[in-house]
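Residue numbers (the numbering used here), protein chains in the order written: chain A, 1 to 213; chain B, 1 to 267.
Any given hint could turn out to be false.
Computed footprint of chain A on chain B, listed as stretches where at least three residues anywhere in the stretch have a Cβ under 8 Å from a Cβ of chain A [as the list claims (entries may be wrong)]: (1) 22 to 35; (2) 38 to 44; (3) 122 to 129; (4) 204 to 210; (5) 239 to 245.
Computed list of chain B residues with no C-beta within reach of chain A, every gap over 10 Å [what the hints assert, rightly or not]: (6) L10; (7) F80; (8) A83; (9) K178.
Worth flagging that the hints you see were computed from the coordinates, not collected in a lab. Even for Gly, the Cβ is constructed at its ideal location relative to N, Cα and C.
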Amino acid sequence: MEFWAQLMPAFRAGLWESLQLALIAAVLAFPLGCFVGVGRIMPIAIVRGLCDLYINLVRSTPIPVIFIFFFFALPDVGLRFSAFGCAAAGLALYMASYVAEAVRSGVNAVPSGYIEAARALGLSERTVIGGILLPQAIKAVIPTLGNLSVDLIKNTSIAYTISVVELTGTAVQQVTMLARPIPIFVLAAVGYALMTFPTGAAFRALEHKFKYR
Amino acid sequence: MDYRLLAKDLSPRAEARLRAVGALVALLCVLALALVAYGLHRTGELEARRWQIFAHGATWKFLAIGLWNTVRVALADLLFAMALGGLVAMAQTSRYKFLKLAGGAYAEFFRAIPTLLMILFCFFGLPLLGLDVTPFWAIVIGSGLYNAAVLSNIFKSGIQTIASGQSEAGYSLGLARKHVMVGIVWPQALRRMRPSIVAQCVVLFKDSSLGFVIGYEEVLRRSQEIGTFTSSSLQPYFVGGCIYIVVIYLLRRLSEQGGRRTDEFAA
Chain A
1 MEFWAQLMPA
11 FRAGLWESLQ
21 LALIAAVLAF
31 PLGCFVGVGR
41 IMPIAIVRGL
51 CDLYINLVRS
61 TPIPVIFIFF
71 FFALPDVGLR
81 FSAFGCAAAG
91 LALYMASYVA
101 EAVRSGVNAV
111 PSGYIEAARA
121 LGLSERTVIG
131 GILLPQAIKA
141 VIPTLGNLSV
151 DLIKNTSIAY
161 TISVVELTGT
171 AVQQVTMLAR
181 PIPIFVLAAV
191 GYALMTFPTG
201 AAFRALEHKF
211 KYR
Chain B
1 MDYRLLAKDL
11 SPRAEARLRA
21 VGALVALLCV
31 LALALVAYGL
41 HRTGELEARR
51 WQIFAHGATW
61 KFLAIGLWNT
71 VRVALADLLF
81 AMALGGLVAM
91 AQTSRYKFLK
101 LAGGAYAEFF
111 RAIPTLLMIL
121 FCFFGLPLLG
131 LDVTPFWAIV
141 IGSGLYNAAV
151 LSNIFKSGIQ
161 TIASGQSEAG
171 YSLGLARKHV
181 MVGIVWPQAL
191 RRMRPSIVAQ
201 CVVLFKDSSL
211 GFVIGYEEVL
221 RRSQEIGTFT
231 SSSLQPYFVG
241 GCIYIVVIYL
251 LRRLSEQGGR
261 RTDEFAA
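Construct the entire structure; sequences and hints are all you get.
And the structure:
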């Protein structure tokens, strides 16, 4: 009992750090992903090319490579960020490429008749994209976005590679201090489950809500 | 929906505006590139002596062995995950309620936990149970447990998409359930699921870079070692990152092509 009581304060802090990281990354990644996703269907060749390049590049990069490059390599050219900042920015960039891909497949699922009808009504391009195309595209990919959100939460653990003391980092710290890896890692696993299961459930509820309307 | 639709029948004014935006973006790109190049030049990162270590064949051999280690661990991981995932999928589609529940619980639980946490658990936790775990096996088991959960779901949905008429035909021929599953349902399901399986291979390959944390000698760890040797960071991490990016990009292209080919057969 004393053992668990000893662990709790550190774990609460670690859980909070993970949650903050996930929330900040999500708040940055979803709008960025939408922009890049829309950029890929823009009738401007260079914008399409850039968005394509971004998606292909980032989706081909393992997250540790992004984190380590931000944290260890960029200070060489005078760009120094905190470990937390590197992790948040890296995660946001990484997840945005997946969101963009999801948005694109959602856009593909919208029948072209909607666009033609909207233009026939004389709506501006901005309304066609922001008001007709995107809402339907995003509705179509809510399950994918749910999976991505769960992945995002799990990926915060990789911030441990650049010494952010989030849940995984806390667990490793406690293991080196208390030398009891099994209960400590199980506790960390429960901490992640506490974040991922409600997230998954929330997106399933959202999906259900849109399905029957 | 296609991007060409958004560009169709635009007014001359809208077309001019799009061209202007395009030109502006191009200008910004050139500016950004110039800024990066200037920054690198000013801090001396582009000087030849900083890159000199990569002029030696031994450096590339060192990195190539790192890449081989990455491939090796990914292959072992794949084998382990396929075998375990197959078992879990069998449990999930079995007639026995207990096995069904156990399989479902396995898939739900292991998809909710970060792979890195499981690799660390295997690395620090399994030795206490009397197992001698090298970093290699910690990655294979830790990442394999997660990938087995994902693969089991792929297998399960693959099995469920095979029309029930197929297995019913088997039963009416007097085949036992195990023969129907092994001889009729699984082969068709596997063929249909191949694109998803190959896509999961890309994830699995990316995961092997997590071995960095527990000192597995993969490309990233070896880049770091080169950096320690030359006391630089940007150059070795850049090269190591590029190796990963190129290999994973090729793998992704391969998986997308595989998907297209299966579609053709399925049609």
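Hint-by-hint comparison with the structure:
1. 22 to 35: The restraint on the segment 22 to 35 of chain B holds, since 4 of its residues have a Cβ under 8 Å from chain A and three suffice.
2. 38 to 44: holds (count 3)
3. 122 to 129: That given contact holds, which follows from 3 residues of the segment 122 to 129 of chain B lying within Cβ reach (below 8 Å) of chain A.
4. 204 to 210: holds (count 4)
5. 239 to 245: Held - the segment 239 to 245 of chain B has 4 residues with a Cβ nearer than 8 Å to chain A, which meets the minimum of three.
6. L10: With a cut-off of 10 Å, L10 of chain B comes too close to chain A, as the shortest Cβ separation is near 7 Å.
7. F80: holds (20 Å)
8. A83: holds (23 Å)
9. K178: Fine: 33 Å to the nearest Cβ keeps K178 of chain B off the interface.
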